[in-house]
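Trainee: From first to last, the protein sequence lines stand for chains A and B.
Throughout the first sequence, residue numbering follows this note's numbering, covering 127 to 447 in sequence.
Throughout the second sequence, residue numbering follows this note's numbering, covering 99 to 391 in sequence.
Just so you know, these hints were derived from the structure itself, not from any lab.
A hint or two may mislead.
Said to hold, decoys possible - Some chain B residues well away from chain A (every beta-carbon gap over 10 angstroms; in silico):
1. Gly148
2. Ala202
3. Gln236
4. Tyr241
5. Ser365
Stated by the list, open to error - Listed next, the in silico DSS-like pairs over lysine-lysine satisfying Cα-Cα at most 25 angstroms (straight line):
6. B:Lys162 x A:Lys282
7. A:Lys153 x B:Lys214
8. B:Lys335 x B:Lys246
C-beta: ideal position from N, C-alpha, C; glycine also.
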Amino acid sequence: MDSSAPSAANPIPAAVQIAAPMSSVRKRRALLTNLTGYLFISPWLIAFLVFTVIPIIASLYLSFTNYDILSAPVFSGFANYERMFFKDPRYWKAVSSTLFYVFTAIPLRLIFALLVAMLLNNSYRMTPVFRAAFYAPSIIGGSIAVAVMWREIFGKAGLVNFILAMIGIPPTSWLGNPSTAIWTLILLAVWQFGSPMLIFLAGLKQIPTELYEASSIDGAGPISKFFLITLPLLSPVIFFNLVMQTISGFLVFTQAFIITGGSPLDTTLFYALYLYRRAFETFEMGYASAMAWALLLIVGIFTAISFKFSDTWVFYEHKEG
Amino acid sequence: MATTSADSPMMVFLRKRSTRDTLLYYVFATLVGFVMIYPILWLFASSLKGPGEIWTNTSSLIPKNLAFNNYVEGWAGFGGITFATFFTNSFFYATLATVFSVAASVLVAYGFARVKFVGRGFWFTCMILTLMLPAQVQIIPQYIFFSKIGWVNSYLPLLIPRLGGQAFFIFMIMQFIRGIPRELDEAAEMDGCSKVGIFFRIILPLIQPAMITAAIFAFYWTWEDFLTPVIYLNNPKLYTVSLALRSFADPSSATNWGAIFAMSSLSLVPVFVIFIFFQRYLVQGIATTGLKG
């Protein structure tokens, strides 16, 4: 990997190069390049080792212990994992509510993002303004202010019930009803389709116009163009969005923490929220570490499966020009 | 970003630009846009409504009487600590974290993009993998470590890890550096410029747009960060705006909703101000990183 660098940049003309002194110059250059490289990446490298690698190993160890921070960790074998998988129904509640959230909120968000990106893929003068309006919810979406706002919008005396009352529909306890509470969080997630929308928009602009023109001549309508041109050519972008958005979906925390607090009946007790409670409210660090490792495996398996199946539907165009 | 030739079926349909199509587009986009920003407008409107109006004239975006007093009452905060403290804390945290993240990310990005050192591919793969790593796996041991060395209830556990940069920004800046012609580096190298010299004289001046994009995101994510502060900061004097809002709007004790909405609105002001002035950088940043990922 490093061999090409010195030769490519070697300022000494070939005729002057003499074998013996050259090799030592080369070695010195290679050493210098390596030193420079590691010097530049050292901030990340040190932080990676100290704040990522060591903690991951430590959490694997902790997952086999009982640990409340105050007293020393006590080795307990697979007890935490046994409890998690076989004795803790709340854990499975957390898994199933998270999966439900991920597999409804993320596809809905991406469908909206794609539809709106197609709507905005034009050159009307006001389009940048619309784009900003559609993107605005996403930049504030993670904030506590928006979470508090959402809670009050769906509160008993809140905005939604107020509007429903105007058209004669009786108020509902959106956050208190086990079948609706999770949907308020899904709606909040769908509302923030801005980032994938911008990525789709950039992808749409790269699709060559000629393809659409050629298919028009062949008599293709808008729907067949969408399925035969837009969707296949956009598939790498869809894949990227799908993987990154799904991973972030698995980690949803703040919104559930503020808006529903996991209730009612643990229907919105998302994985990250339950893990937080075990770690920082009841200080079961060993159990929470086991949950964290199971989450790592879930996310890892999901990512591996997505990559595995990606070549069946993701279409990579051959580079041209 | 806006413009020209790209055609989706929707575009082909709209391209005829008959008055009817234009009108249809504007009406539809305005309607959807209004639904999108209505909740935000509602929050700002509610922050200016009097106590009798918030839950009775709920859906209206125009307060009958402007109750600026909500902002005064909200600013007074709770437990003898005003929102001046919380905003100062948040600005302190967000500014330092942004400077640390961006400065480190720029250095690391240059190292990965332009210096061919042994092990580069391996470390780069590690860095990309951290993008997919759930933070939950690191949080618990990090907390234990920081609490053992007595850093809980300080900003050190929030700021020190930022000195390593952030994978997302490193990757984004790398993409940007890759777009700079290598001939520039090579010419400078011919003239005897070292890799360090190339970084400061050639790369750094050219990557300012990417740095601005990274800085905006870093600021946003720190400003809105909740998980890290809630774990490490228990002393109300150290609360960020996010933590303060959580306590201030606690449903079991909250009564003054005007004040709560006022402080919630105020907490979003820095975000929107940056958005209005730097929208171009945000849009480009998301588009390039996303596409080349």
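Trainee: Taking the hints in turn, state whether each one holds.
Mentor: Now the hints, each set against the structure:
Its beta-carbon lying about 16 angstroms from the closest one in chain A, B:Gly148 satisfies the requirement of being farther than 10 angstroms from that chain. B:Ala202, annotated as away from the interface, has a beta carbon of chain A within 10 angstroms; the closest lies near 4 angstroms. With a closest Cβ-Cβ approach of about 4 angstroms to chain A, B:Gln236 is found to fall inside the 10 angstroms limit, against its non-interface label. For B:Tyr241, the requirement that its beta carbon stay farther than 10 angstroms from each beta carbon of chain A is not met, with the minimum near 8 angstroms.
The beta carbon of B:Ser365 sits about 5 angstroms from the closest Cβ of chain A, which is not more than 10 angstroms, so the claim that it is off the interface is violated. Of the supplied pair hints, the one linking B:Lys162 and A:Lys282 holds, its CA atoms being roughly 23 angstroms apart against a limit of 25 angstroms. A threshold of 25 angstroms between alpha carbons decides the hint, and for A:Lys153 with B:Lys214 the separation of about 14 angstroms falls inside it, so the pair holds. Of the supplied pair hints, the one linking B:Lys335 and B:Lys246 holds, its CA atoms being roughly 22 angstroms apart against a limit of 25 angstroms.
Checked against the numbered hints given earlier, this structure breaks hints 2, 3, 4 and 5; the rest are met.
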